[in-house]
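Construct the entire structure; sequences and hints are all you get.
Residue numbers (my numbering), protein chains in the order written: chain A, -1 to 394; chain B, -1 to 394.
Derived from the structure by calculation, the hints contain no laboratory data. One should not assume that every hint holds.
Intra- or inter-copy, both count: the list cannot distinguish identical chains.
[Claimed, not checked] Computed list of lysine to any residue pairs in SDA-like fashion (alpha-carbon distance at most 20 Å, straight line):
hint, residue 1, residue 2
1, Lys1, Glu240
2, Lys272, Glu240
3, Lys59, Glu319
There are 2 protein chains.
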Amino acid sequence: MEKVPKDEIQARIDNFQSVLRDENLDGSFILQNVDIFYFSGTIQVSVLFIPREGPPVLMVKKSYQRARDESPLDQVVQIRSEREILSVLREHGHSDLGLLGLEMDVLPTNHYFRYQENFPKSRWLDISQQIRRLRMIKSPYEVEQIKKAALILDKGFSEIKEVIHEGITELEVDGHLALIARREGHMGILRMRGWNQEMTYAHVLSGENGSTVTFCDTATGGTGNTPAMAQGAGFRRIGKNEPIGIDYGVGINGYHGDQFRTFVIGELSADLEKAHDCSKEIHCLLAKEGKAGVTCSHLYSLAEEEARRDGYSDFFMGHGEGKVKYIGHGLGLEIDEYPVISRYFPEKLREGMVIALEPKFIFPGAGVVGLEDDYLVISSGLERLTVTDQVVMKID
Amino acid sequence: MEKVPKDEIQARIDNFQSVLRDENLDGSFILQNVDIFYFSGTIQVSVLFIPREGPPVLMVKKSYQRARDESPLDQVVQIRSEREILSVLREHGHSDLGLLGLEMDVLPTNHYFRYQENFPKSRWLDISQQIRRLRMIKSPYEVEQIKKAALILDKGFSEIKEVIHEGITELEVDGHLALIARREGHMGILRMRGWNQEMTYAHVLSGENGSTVTFCDTATGGTGNTPAMAQGAGFRRIGKNEPIGIDYGVGINGYHGDQFRTFVIGELSADLEKAHDCSKEIHCLLAKEGKAGVTCSHLYSLAEEEARRDGYSDFFMGHGEGKVKYIGHGLGLEIDEYPVISRYFPEKLREGMVIALEPKFIFPGAGVVGLEDDYLVISSGLERLTVTDQVVMKID
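Laid out in structure tokens, this is it:
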């Protein structure tokens, strides 16, 4: 099993400690699974303390043996309860802790109260935005993981062409995508940071289901087959000559690939083909114009302008209530990372960002067409990490 | 698509309002997906307010149309932002809100701060324990959903026997279980309430992988294939004459079925067969002794005593660091519901509780054997909801 290299972890800790000093913090607790993994290389039940200077302390409840084996950190300590944290930190030279960071965007309120109680002399600062901004810039190691995920997505899209036939349900197609993903090494979950956000392995959206609006902060939603998980595939049987939109995710060593392709049994109408061409044009335009230094809001405007020129404003990234205000998002250990490629995200692209661009067109009653691919931001442009051809995938 | 019946929702609201009055609360916000679904029948992005008396107000951000369609509640209102909540509640006659409930076990700290800010005159009480205790008692409708899930698990176990062969990887078996589950209507996610707890569709644990300890609060863990999701199936190839433990979950209309069976290609050793028999005996014993009025801690003791008599104390529900202190758990919209069948849960079983009992034996280096089944607590005993034979599933 591949472990996170020691120099990766060290570089992340160094960057974070520089943030801690900038913010005048004495240190920060890291408590959420994904952040713990980012800074320690393990998701075993732990409390990670990163001081403003010096080595972090990973305090592990379960499994201590596994955390020791997986994490390249030097200070890995076994604890039985969170009440031991204060004394463990003292033993490691961390007393007089004043201002401390917590991931308040995800940390449950009761946990916050407990930390207040256990550290009565400390004050607390939400450090989540700073962590999300650090994680926005990917190392070559991280980009490699996303590339591996992208290869599996490509394999999955090519295999699923052989599975889809008239009359098959969306759910069965979804199940085959899950089988392929797991067989090839998908870690078995797609992670989102947003409160109440959840994701199945794939969205399979055929015909009018592609225009179903739901709770997800995405242009497409799907019916699902129950209001209890109102998204993705349902029992609808796929027909001929209708768009089949497939959003597919895979996680390798924690890192997600995220891709969307439009399939059809037979042919799409000329209208839908034209809208798909527009999605392709937007990809070409953004891959040319996007590079380090360009603002996310500018990229969004370019895409929106292209959609308007082709007459698709009303259907671009959703319709009616379902319209979302972005055309892409950062991608890494979570699917909903920074940056957001949106009018409201004025920040500049920076080298090492990985973004998924997903210009889609949603036509009420007819469905969804479009393309989603993952790109690495480099100084001169955007380098595509996903490898599947940018075409409508036709099934005879 | 099946919606939650109106009388179900009404009964849940009635019960909760009785709790609100007992606790002297003016009302409670319900903000977490699963709880919103429980009390409203939808998981669309919403804020649900349940006053101590009178009809609840469901304030929906996205999708309003879908929430209206899915929820049998009478007062469903569209909002654009959480800042509108105060005025919407005023319009519905809810001003002067003093003590209010929040689900502080799951609600992120920043959300709590936002509610404090938006309702400067209110005080707040954690209402999560009360909600979890209400949800512990299932209605006949809810039991029906779990039974549907159990039928799919049975089908999956029977189909997977035809798939497993010497040399197949755990991950490929896991993928087939996902395919079957989705094809049959699994909602595509297994939900856990615990902080940082996550679950793949299934755990496929062959040979020594069945004794791998990891972060999950379960007797078994598995290697997974990455420290980033250190659980369940990995690339290990399944061999002959070794135990293959499969923990399988399916969600139907939000409700989970949860089952474990031991498979083998060929034969288990006499030792492992004997341990499996002990798991079966514990099931028989608990099904006989367990009924409304019996404490959870007593059930646990009965199981532990039976394991001790057979000489398996060191391997019962884990070994070493991996040992867990329960043999079962409540089951419903989440997999980790109340009650916990544990020495430390002194409460009595009540009619309508649904529990998964999972006496397992974990032998370091050799693997896991055991049985898990779901039971409804009735006045005279435990009624098994899962239908698969309680035997080792042998593959030629």
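Going through the hints against the structure:
1. Lys1 with Glu240: neither (44 Å within a copy, 28 Å between copies)
2. Lys272 with Glu240: within (14 Å within a copy, 56 Å between copies)
3. Lys59 with Glu319: Close across copies (9 Å), not inside one copy (45 Å); limit 20 Å.
Of the hints listed earlier, the one the structure fails to meet is number 1.
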